[in-house]
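*Asks:* Protein chains in written order, with the numbering used here: chain C, 20 to 675; chain A, 10 to 689.
Rather than coming from a laboratory, the hints here were simulated on the basis of the structure. From the three backbone atoms N, C-alpha and C, an ideal C-beta is built for every residue, glycine too. It is possible that part of the hints are untrue.
[Stated by the list, open to error] One-sided and incomplete, this derived list gives chain A residues near chain C with beta-carbon spacing under 7 Å:
1) ASP101
2) LEU108
3) LYS109
4) HIS114
5) ARG127
6) GLN352
7) SER431
Single-letter residue listing:
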Amino acid sequence: MAFDPRHLKVFANFCAAAADAMAFTLMRTAHSAFVKETEDFSCQVVSREGLAFANPRSFGAPWYSGIDYGPLLARFETYRDGDICITNDVYEGHVATHTPDIHIWKPVFHAGRIACFVVGHIHNTDVGGAVPASLSRSLTEIEQEGLRIPPVKLVENGRLNTFVLAAIRSNVRAPDQNIGDIQAQIASVNVGERKMAEIVHRFGFDGFMAGVDAILDYADRQARAIIRRIPDGDYFFADYADEDSVGGQPCRVALTLSVRGDEVVLDYTGSDPQLGSSLNMPTGGRERHPLVMVGLTYVLWTLDNSLLLNAGTLRPTRAVLPEGSVVNCQMPAAVGMRSLTCAMTQIVTVGAFAQAMPDLIPTASPGGNAIMNIKTQGRAGRPVMASIGPVGGGGGATPFADGSDGAGGATGFLRNTPIEISEAEVPIRFLRYGLEPDTGAPGRYRGGLSAVMEFEVAAPETVVTARNRNRSVMGSWGLHGGSPGRISLFLRNPGRADAVSLGNTDLVACAPGDVIRVVGPGAGGWGDPFRRSPEEVLTDVVRGAVSVASARADYGVVIADRAVDVAATTAIRSSRAAQPEEAVVFSPERIAFETIWTRERYDLLTDFLARQPVTWRFFLKHRVFAAVAASSQASPVSDQMRAIFADLTQRYGLPA
Amino acid sequence: MTIRIGVDVGGSFTDFAVLDTTSGKVTTLKVFSRPDDPGAEIMLALDILRDRDGLHADAVTGFAHGTTVGINTVIQRNGEALALFTTRNFEDVLEVARLKIPQIHNLYSRRPAPLIRRECVFGIDERTLASGDILAAPRRDDVTAAVEAARALGCRGMVIAFLHAYRNPANEQAVKAMIAEIAPDMAVVASAETWPIIREYERTITAVISGYVRPRVSHYLDRFEDRLRQRGVVCPLLITKSNGGVMGLDQARAECVQMILSGTASGVIGAGHLARASGFDRVLSLDIGGTSADVAVIVDGEPQYGVGETIGDFHIHIPSVSVSSVGQGGGSIAWVDDLGVLQVGPKSAGSTPGPACYGRGGVAPTITDAMAVQNLIGHLPLGYGAVSVDHAAARAAFAPLAERLDSPVELVAADVLAIAVSGMFAEVSGLISRFAIDPREFHLFAFGGAGPMLACFLARELDLKGIVVPPAPGVVSAFGGLIADLKNDFIATLYREATSEAMEEVAGVFGTLVGRARAWLEQQGHEGPGALRLSADMRYAGQSFEIETPIESTWVDSPDLDSLRSAFHGEHARVYGHADTEGAVQIVNLRVVIMAATPKPSLVKPDGATGPLQPTLTVAAHFYGRPHQVPVFVRDDIRPGHRVPSPAIIAQDDTTTVIPPGFATEVDRFGNLVITRDRR
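The task is simple: from the sequences and hints, build the whole structure.
*Replies:* As structure tokens, this is what we get:
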């Protein structure tokens with residue numbers, strides 16, 4: 020049955036209203052702070068096959084609009100009216116992506132037939148496991164990351180499966196919160212089911228099914244229209260997270276974006292093997308897994324703000340996710356911190372598209388938005404734990420404007436915690452919170468300024484954590500002659516005799532009087548800074564975003580007494596030798612690293628590791644890195660690497 | 010004879026409700042607004058009232074009005090050149106705001122530029138701790154330097170917003186006193202004076218908006234007062250407030266921020282009063298104009314209150330009547346996208362050039378035009394003859410869409426209406442979920458120029474009890490000003506766990522707030538004690554959102570912690586569906602609202618029907634793409650006791666009520682149209 024396109028918008032509005040109603044119900048009744056403060060939840064209506072076709076319009080995590088529940092729905096042969104299913108198992112169906120995300124789904128029946136499903140997840144604060152809140156970079160196996168609930172009917176024949184709730188209760192740290200959240204989820208899908216049943220009734224079963232197809236097709240066609248504007252070609256981009264394990268090597272995420280007509284392939288071959296830390300992404304190799312499509316969704320929506328986001332949006336796209344890699348890990352790899360790696364996939368996606376559409380795509384925001392938490396004690400030793408907000412870099416510069424200050428681009432969706440609230444809750448005193456001058460990388464358009472936070476600890480046995488922090492080893496990149504971003508900083512007692520730079524550490528113990536200073540990583544610039552108009556540089560100097568020294572050194576603009584010294588500026592700017600605008604400008608740290616670890620060397624490593632058993636790869640990667648560091652760089656790379664591989668395969672009895 | 014006048018100055022029209030205090034009769038008047046010369050429309054209306062109705066200025070004993078001068082100043086960004094003084098090292102408070110960017114999927118998205126340029130923000134060496142203890146007091150040399158620098162940058166007003174000033178405003182006050190000596194010509198707004206809430210960005214932006222709109226607002230109020238006084242109006246002049254009350258001009262000049270949402274708030278207050286007085290205890294008010302469609306939830310005449318209402322690019326955090334935008338109103342433009350799908354909005358023809366059918370320069374097909382194409386409006390003069398409907402122009406505007414979609418214009422118009430209604434439905438449905446109300450207990454109370462035109466179409470999608478259209482839907486907002494009470498809010502931050510030790514502080518703070526409240530009422534020239542309402546914003550320890558919980562003064566007078574706590578548990582359960590009776594409860598704010606009731610006219614009961622209702626004419630119109638012969642009635646002919654058949658069109662000066670097939674309409678004793686789904 021064909022669906023009349025004149026009714027598509029009405030159909031879409033009704034379905035979005037149902038998804039909104041689910042989101043409102045969830046926000047209103049959930050117990051977890053994650054739901055109310057960071058909106059880390061999702062609600063969708065999915066087709067009988069599992070494809071999301073309706074999302075809440077302005078709530079929830081921005082990553083899951085195109086989710087496919089298919090593998091989970093298929094776990095049960097039959098559904099009856101009223102059934103509700105649950106799971107948080109990342110290795111069953113590959114819909115949940117770390118253990119705190121508890122997903123549920125419920126069929127919507129019409130006259131004995133399933134018309135669609137209503138689904139959703141909540142990030143629970145804690146699901147048990149080795150550490151409070153269940154997430155730590157240091158964990159190495161999924162078993163350490165808390166309770167795993169296999170796909171199971173939570174409600175069947177109208178009866179609640181109390182064993183499931185009892186099992187949760189006896190495995191988590193604050194069971195009332197989890198149980199409360201699950202009840203909120205049940206309320207949410209029940210509301211969604213009722214609303215969707217009304218819509219099916221209104222359009223009739225066949226009309227409804229046609230509507231679902233039409234709304235997916237519409238998003239598909241919109242996405243294809245956008246992709247057709249992108250020149251055909253293969254575009255490679257790679258970037259590195261700081262460490263693949265505590266004190267380890269850089270973690271590489273590599274992407275080849277292939278555009279052909281109105282279709283796109285995201286090939287992640289060349290990304291690191293799955294890691295002995297929790298940075299792995301459990302995608303199951305599913306070619307439209309939401310976690311590897313976040314960057315693409317941002318890019319397409321940026322190119323056309325009228326794009327409808329649902330599973331249809333992703334239809335013209337496909338990802339290649341090598342098995343046993345960081346983007347497609349196997350049991351029992353730990354996955355808790357997959358959001359850090361997901362941020363890297365977004366960055367390489369933006370980088371690849373920037374090569375395809377140099378005039379439209381901005382520099383990526385640098386990622387590594389540190390979620391600052393503090394555990395300390397109040398008077399009388401009462402323990403206090405609080406999240407004091409994210410501290411990250413700004414948005415990347417765009418081809419038309421400066422990046423957004425403090426947060427922006429793909430990492431701009433978090434709210435901060437007011438200083439007054441943090442100080443009222445936690446016995447710490449803030450010394451500074453705001454934007455750090457000279458952190459927006461120079462360019463014709465400048466990167467957004469980084470956030471800076473500095474506070475003094477007042478009690479002993481205080482622990483400060485900076486979850487998700489990144490970019491403390493290699494800065495982010497600029498485009499078309501725009502400068503790269505500087506690295507992020509995490510310092511204890513800056514400017515004092517006992518000052519310590521904490522590098523990529525994400526956890527630090529503090530004593531009374533200790534001062535912690537965090538500065539987000541710099542966001543890259545766009546275009547040659549010498550082409551930025553002196554007036555714009557002056558504006559930045561006057562507003563304190565750029566120092567007089569940087570104006571001179573980076574922009575070639577001389578400023579004195581709040582005015583541009585035109586003669587001196589002209590002299591500097593014209594004396595610089597003409598230089599080609601590099602399409603991508605990497606940070607000095609990255610250039611140094613890639614002097615050794617060239618793309619050729621990585622290609623050889625990737626091929627070698629692909630031939631080895633999955634469980635050996637992380638170990639072998641580290642052995643290869645050690646061998647490369649120890650060997651002289653005299654012989655050609657291929658010979659040198661072959662020798663290293665031969666040595667390793669022989670030593671460990673592995674395939675050549 | 011004496012009269013009281015309520016005025017609502019809107020984007021297109023200015024509405025007047027004139028109450029004869031002796032007879033209780035309300036007369037209405039509508040004139041074009043004069044954005045070019047604000048206040049001129051009021052003078053014009055006074056002329057008309059004198060000439061038309063023999064009402065003279067000296068008979069006016071009450072005058073309340075709402076104005077959009079404040080909000081327009083923010084939207085058009087033409088307010089005061091301000092400097093902001095913050096605690097040193099926290100100067101980026103406006104730049105960072107709450108960090109989140111407006112469009113989270115858009116890589117280009119940036120927060121809107123602040124109302125104060127960054128170079129006009131000055132950090133002052135001072136610090137108050139969360140406890141209220143002062144770690145460092147401001148120094149005069151530091152402040153002098155900042156004031157001079159600000160002046161050099163052309164700043165003409167100053168806002169002071171220091172950390173923890175909600176707890177202890179001493180440093181803000183000290184700096185304010187210093188500025189008064191250093192630069193007596195500078196207007197100064199301090200954050201804790203404006204609205205002393207915890208959360209530095211929210212408190213700062215509220216104070217900034219107050220300072221930003223002040224020169225324009227006070228200039229407007231001065232002229233307004235001068236003109237009325239010259240005219241011989243001697244009564245106190247009142248301004249409607251965002252909180253749904255009214256205040257005197259002196260407070261309005263000093264606290265401009267209080268009046269910023271006065272128009273929308275008084276509409277809700279008017280709707281609440283009219284609905285309650287007519288016996289409808291639970292209503293959703295639906296106010297649709299040319300550029301906006303707003304819904305509010307009203308229970309027992311009381312609207313919901315909220316904070317964080319939108320003002321241009323910003324949110325303001327003073328208590329306001331909570332109104333949700335559900336669409337862009339009758340001016341939303343229909344179009345066909347590249348993939349051949351029909352869309353409505355977000356572009357709007359607004360009030361200028363307006364819908365094509367109004368013949369004031371508009372050519373794009375709007376929702377109002379869709380109604381004209383279906384021949385559902387424009388049979389009798391609209392807007393007191395100010396506007397007539399050109400059906401041919403509406404059809405011409407729709408012709409390109411019809412051609413593109415290869416479909417008759419009437420059908421396309423029906424589809425456009427369906428899309429617009431489905432969009433409003435989605436918003437209202439969200440509101441119903443957010444407030445957790447049962448729509449089957451609520452009537453839709455429709456007013457504004459286009460509310461009664463679209464109400465039935467919207468109500469058909471929502472499972473509501475019915476629709477109410479009052480006798481004069483166009484002047485509900487003006488009427489709201491007429492009956493609004495004197496009302497002011499007071500707040501103090503406690504931020505303390507609710508324990509028996511805390512009850513002493515609770516009593517002390519409430520005592521202070523009540524004292525200030527009474528003093529305020531006295532300043533307004535009111536005699537008598539007024540009514541007080543006490544409440545506390547509370548939450549479970551660790552939550553980030555508070556719930557305002559009503560407090561009985563007896564719990565404070567003789568400390569009753571249990572009642573206070575259980576009131577919160579009850580409120581939490583009501584709003585969120587669960588409560589943790591063992592959990593630690595935190596009191597964040599204490600609030601006092603003082604009110605002095607304005608006498609309310611009892612509703613006039615029009616004469617009952619003396620004979621059967623006769624249509625003035627019958628027209629060929631379309632509903633949902635199907636042709637119908639539809640009777641057109643004149644609203645004045647419709648009397649209590651009448652039943653209106655469906656479909657029907659009911660025309661009156663300020664609006665058209667459109668009743669599609671399948672509805673039953675009765676007329677209650679107050680002349681309200683009470684429309685229900687015909688379930689036969």
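*Asks:* Could you work out which earlier hints the structure fails to respect and list their numbers in ascending sequence?
*Replies:* none
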